[in-house]
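Next come the chains, spelled out residue by residue.
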Amino acid sequence: MERPVAAPVGTSVPRVDGVAKVTGRARYLDDLDAPNAWHGATVRSKVPHGVLEAIEFDPAFDWSRVVVATADDVPGENVITMLEDDQPALVKIGASVMHVDEPIALIAAPTRALAFEALKHVTLKITHLPTVFTIDDSLAVTTALYKTDNVFKKFLIRKGHDDDAQLEAGFAGAALVIEGSYYTSPQEQMYIETQAMMAEWRDDDARCFIVGSMQCPFYVHKAMKRLLGLDADHVVITQSVTGGGFGGKEEYPSMLAAHVSILAKKAKRAVKMVYDRDEDIAATTKRHPCRTHHRMAVDAAGKILAIDIDVIMDGGAYLTLSPVVLSRGVLHAAGPYKCPVTRVRGRVVATNHPPHGAFRGFGAPQTTFAYERQMQKLAIARGEDPLALRSRLALRSGDTTSTSQLLGFSVGTDEVIGAIQSCAGPWPEPDGVAANGTPIKRGRGVCFYFHGAGFTGSGEQRLAGRAEVAVTTDGRFEVRSSSSDMGQGSITMFAQIAATGLGVGVGAIHVVDPSTSKVPDSGPTVASRTCMVVGSLVDQGARKVKQRLDAWAGENGMAGRPLLEIAKARGALGELAEMVQYAPPPGIEWDDATYTGSAYPVYGWGACLVDVSVDLDSYEVTIDRCVQAIDVGKAINPNIVKGQIEGGTLQALGWAVLENIVYKDGRVANANMTNCIVPTFADAPELETILVECPYPFGPGGAKGVGEIPMDGPAAAVANAVENALGIAFDSLPISPEAVRAALRRS
Amino acid sequence: MKVTLDVNGAVHSIEVSPWKRLLDVLREDLRLTGTKEGCGEGECGACTVMLDGEAVNSCLVAVGQCDARTITTVEGLAKGEVLHAVQRALVACGGAQCGICTPGIAVCAAHVVDRGLIVGRDDASARALVRELLAGNICRCTGYQLIVDAIITAAREVAR
Amino acid sequence: MTSYLRPRSLEEATVARAAYPDWMVLAGGTDLMVNANHKPTPEGILDLWRLGELGFIRVEDTAIVIGAGTTWHEVERHPAIRDKLLPLALAAREIGALQIQARGTLGGNVGTSSPVGDSLPVLLALDATIEVASVRGHRTIPYHAYCTGYRKTQLAADELIVAAHLPLPSPTTRTTWRKVGTRRAQSISKVMGAAAIMLDGDTVTGARVALGAVADRPIRITEVELAVAGLPLAQAADAARAAMRGAIKPIDDVRSTADYRRDVAENLVARFFTS
Chain A
1 MERPVAAPVG TSVPRVDGVA KVTGRARYLD DLDAPNAWHG ATVRSKVPHG VLEAIEFDPA
61 FDWSRVVVAT ADDVPGENVI TMLEDDQPAL VKIGASVMHV DEPIALIAAP TRALAFEALK
121 HVTLKITHLP TVFTIDDSLA VTTALYKTDN VFKKFLIRKG HDDDAQLEAG FAGAALVIEG
181 SYYTSPQEQM YIETQAMMAE WRDDDARCFI VGSMQCPFYV HKAMKRLLGL DADHVVITQS
241 VTGGGFGGKE EYPSMLAAHV SILAKKAKRA VKMVYDRDED IAATTKRHPC RTHHRMAVDA
301 AGKILAIDID VIMDGGAYLT LSPVVLSRGV LHAAGPYKCP VTRVRGRVVA TNHPPHGAFR
361 GFGAPQTTFA YERQMQKLAI ARGEDPLALR SRLALRSGDT TSTSQLLGFS VGTDEVIGAI
421 QSCAGPWPEP DGVAANGTPI KRGRGVCFYF HGAGFTGSGE QRLAGRAEVA VTTDGRFEVR
481 SSSSDMGQGS ITMFAQIAAT GLGVGVGAIH VVDPSTSKVP DSGPTVASRT CMVVGSLVDQ
541 GARKVKQRLD AWAGENGMAG RPLLEIAKAR GALGELAEMV QYAPPPGIEW DDATYTGSAY
601 PVYGWGACLV DVSVDLDSYE VTIDRCVQAI DVGKAINPNI VKGQIEGGTL QALGWAVLEN
661 IVYKDGRVAN ANMTNCIVPT FADAPELETI LVECPYPFGP GGAKGVGEIP MDGPAAAVAN
721 AVENALGIAF DSLPISPEAV RAALRRS
Chain B
748 MKVTLDVNGA VHSIEVSPWK RLLDVLREDL RLTGTKEGCG EGECGACTVM LDGEAVNSCL
808 VAVGQCDART ITTVEGLAKG EVLHAVQRAL VACGGAQCGI CTPGIAVCAA HVVDRGLIVG
868 RDDASARALV RELLAGNICR CTGYQLIVDA IITAAREVAR
Chain C
908 MTSYLRPRSL EEATVARAAY PDWMVLAGGT DLMVNANHKP TPEGILDLWR LGELGFIRVE
968 DTAIVIGAGT TWHEVERHPA IRDKLLPLAL AAREIGALQI QARGTLGGNV GTSSPVGDSL
1028 PVLLALDATI EVASVRGHRT IPYHAYCTGY RKTQLAADEL IVAAHLPLPS PTTRTTWRKV
1088 GTRRAQSISK VMGAAAIMLD GDTVTGARVA LGAVADRPIR ITEVELAVAG LPLAQAADAA
1148 RAAMRGAIKP IDDVRSTADY RRDVAENLVA RFFTS
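Chains A, B and C are the protein sequences, given in the same order.
Position 144 (the first sequence) corresponds to 144 in our numbering; numbering is contiguous.
In our numbering, each number is its position in the second sequence, counted from 1, plus 747.
In our numbering, each number is its position in the third sequence, counted from 1, plus 907.
Pulled out of the complex, with its shape left as it was, chain A reads as follows (with noise of 0.2 angstroms):
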């Protein structure tokens, strides 16, 4: 008998990695066997602006028993490729150092500890030059770091209108302007694991093994292509078990690959580095500071007329993503409303901060908590309920976007709305005293917004990614993509539809690791779209799989015997695989030039209510309650749903009152767990999750992404509960104690 299939689509199995990870067996970098394996460490700037004259290396020390690489041991080209070929592996003598954690040469020796005694007997020689910390100065250009005007990128959309004298018109009308201007803080993923890869050449030094923790095996394989002058079928990355990413592993493990490739065809041997946690808060990307300025235009119904933005975000030392990550926020920084005339313009310019980066939500965030402090405005200007405005302003199927992207399916605009309202309860208790006799007020916020799925206009088409299922020679069913699981539950995801798609038991279905000598580029690991995109080539594989067993069979005499028994049979006979390649739905259609179409294939869709006090001696802000109703499509696996998605709520709600990244002269200032803090298991609220499924057509069951919608709307939401609370605005993250003293202060 067949064995039924035991967890389908939509049925909560649990993770098929989960008792590895409660034992303790599951192997993260730092726990592979590779007793000969050196260890690797990195000499940095320290100087955040200058020119790097000489490296000296302290005679006293005994330099035979450590190998030194510096930038002439690149083999290739000395490049970290992203979308520009600006940020060196090691900077070289002669060259820009351009922020202080610049690496400059690397150390490998048999002991961590050697590897980090040799730092401290190398001497940089840097001549300073001037710096710039500020977006403001950036852009005056005091000193340029980037071409001429400092600006890495620059987008500009508009919407019903031609000029910006046809803006200026459509704010003419207005009986109500609001206008506001936003700061987001730099944020720190704070994975658990930090950043950790190892490397080894084998056959005479002709080709590399890069073993680490990351998002994206193909990213660092194009990356070391170049930087080691190889070909593809010359440098393997695999992924090991990876402890958490959030962005954080999407770009910097290519530095990391670099420095260990390097290191490893020095020392003829395999080399490993591990950062500590300073290292990595100082070193590694963060999430991009952001000032958003917004301007509305509203009638004296309450309609918007014109939406005018402008957002300005500080890309630090290189380009790396930053451009990328402007684009998603100027995407979505008109939200979720209706609006006939908008322009949004966006800007990232260049400082000497080590670059920042991706981090879940993509620039979202930054611009969701803009505009929503902005509809919070609206609503208490008019006073009207905040909830209602929100719905009678929201897109629906048959609205557009501020691109002009008209909306069809999978709109949930009034199913996420219609769940806040309908659990909100009533509104807490405007005064009150805390069990330890301190006085307190209270206050509500909510917010609505919305969370493009996939990647960026044509984005996927020109990715193109893969994906393969395959029945093997021994009969068992493997699923091949380059999707990494850094605990998201991509692996249980996968395992669930091609489970589905065959019609066979989870059980049944190997899911490789990710290596890029072993599956197809499925495209990074990243913007929401492993599930929806690789998912849905996943399905497709699947499906396919089993109408040729099926066929197969019958043409066998085997129709009718169960599938288990088919593929054994078949697979005896020679691989079976179907790869499947990404083709983009009908109807979507993107112009990168005017910036305006389809800028996503699909959006979900969020609504938050969160209920805070705030305490009048510490001025601490307590939250109290936060619900969140997403819009996922499909929850393939709803109990992996919800824990994504209340993960992605409290590094929200931390990134809105505790968390921060402390710059002083471009260097982090708490570069350490003490002091860059993140919530703890008794700072988090009981998190109350709604999940909305308003099915996607061409995601795998329905499903759209998840992975970063939550990020983006908790923080306008408690922003919004403490005005409520307090009666002051508060337009700058974090919300801090100090923050809220200050403002209470003021007022």
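Hints listed in this document are in silico derivations from the structure and should not be mistaken for laboratory results.
Errors might be hidden in some of the hints.
What the hints assert, rightly or not - The following residues of chain C were derived to be distant from chain A, with all beta-carbon distances above 12 angstroms:
1) Ala926
2) Trp930
3) Arg1127
Said to hold, decoys possible - BS3-like mimics (lysine-lysine), calculated; alpha carbons at most 25 angstroms apart, straight line:
4) Lys946(C) <-> Lys749(B)
5) Lys946(C) <-> Lys120(A)
6) Lys946(C) <-> Lys46(A)
7) Lys1156(C) <-> Lys664(A)
Note that the structure is predicted; figures quoted are calculated from it, not measured.
Note that the Cβ used here is the ideal one computed from N, Cα and C, for glycine as well.
Using the hints, position chains B and C against chain A.
Just chains B and C now, kept in the frame of chain A:
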């Protein structure tokens, strides 16, 4: 110095600097890599083990101090293939995501559950106490909700 | 190679301390072991962890004596401390979290005397005396005189901390405590404080008010203590608040600002007299 440790019921005698962190001895000398390092400063709890029955951060313990003492790591929670109630509940409730903090959480939660620290409370106060007792273990993936669910589930099961 | 000694008695410990004054005195390690893998290797370790003579809580007629090796976990759950010295139990419960409370000791907090040591304002408010020992004998030092500067104390190079003696507050003394940290748990204090308010009916006859994280060491606020003495309790909060102005000079650092610390310290001290 020579240090003798009882780890998960097995006695190990090793020659080691007394200053070496227990965490490193477990991972390097004994190759028990289930215990993780997340910060090296006693903030994240990923390295939590039990030392003479108390949950401690192994990154803050000099191994010399462990001579003739008893240590339980995540590898010692299960009895053979039978998982500890906390481990079973973490899998069932979805309390492990990326999993790097999970060994520390499993050890700390097993301590809390086995000591009966949350028995005899109503659901709300039990959940609040779990949040206080586990506050030394940082998780960045889950939002903690499903971990609290798991610990409450395990505590109920053990109490029965 | 680091030497290591685990004395079996206090006497053995003091002899070793005298012989090896440069060795690290280690108990729970929650401070000294932070980033230990990147610290210089100590010449030797004098391990006081679980030394029997330092691990006790003794309830006497007029005081509770707490051995230096007592962990915060033991302090927090001790019935007599919860009953008579509640602020100390509350402070213990807010030091780090479970793992830190299982290892951190009273002696460690006193020995380091960091401005953010969470138990230290309580020791000041409860007028604790520190007992120390060496081969030269035992002596006691009032805690308010013990800490002499930023992480500087009166402890001599050959001395070890034995215990804290905490006199039992009179039945008419109200004691209180509050910590404001960077977050709800596992946090470093931005401001914390404790008070013992002696009452005769509704009149404040005297008070000891102490704060942490607002100066280079934990401090008593004598301006407040003088201002409230003799006042009706109903007027004490305002007087305390007024007396706080200019009484402390906190600093800006990576965790908070001087302005915030000054305001919150004021609020906390005023609240001690109303709650």
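Worksheet entry | Violated hints - listed by number, lowest first | Every hint satisfied by this model.
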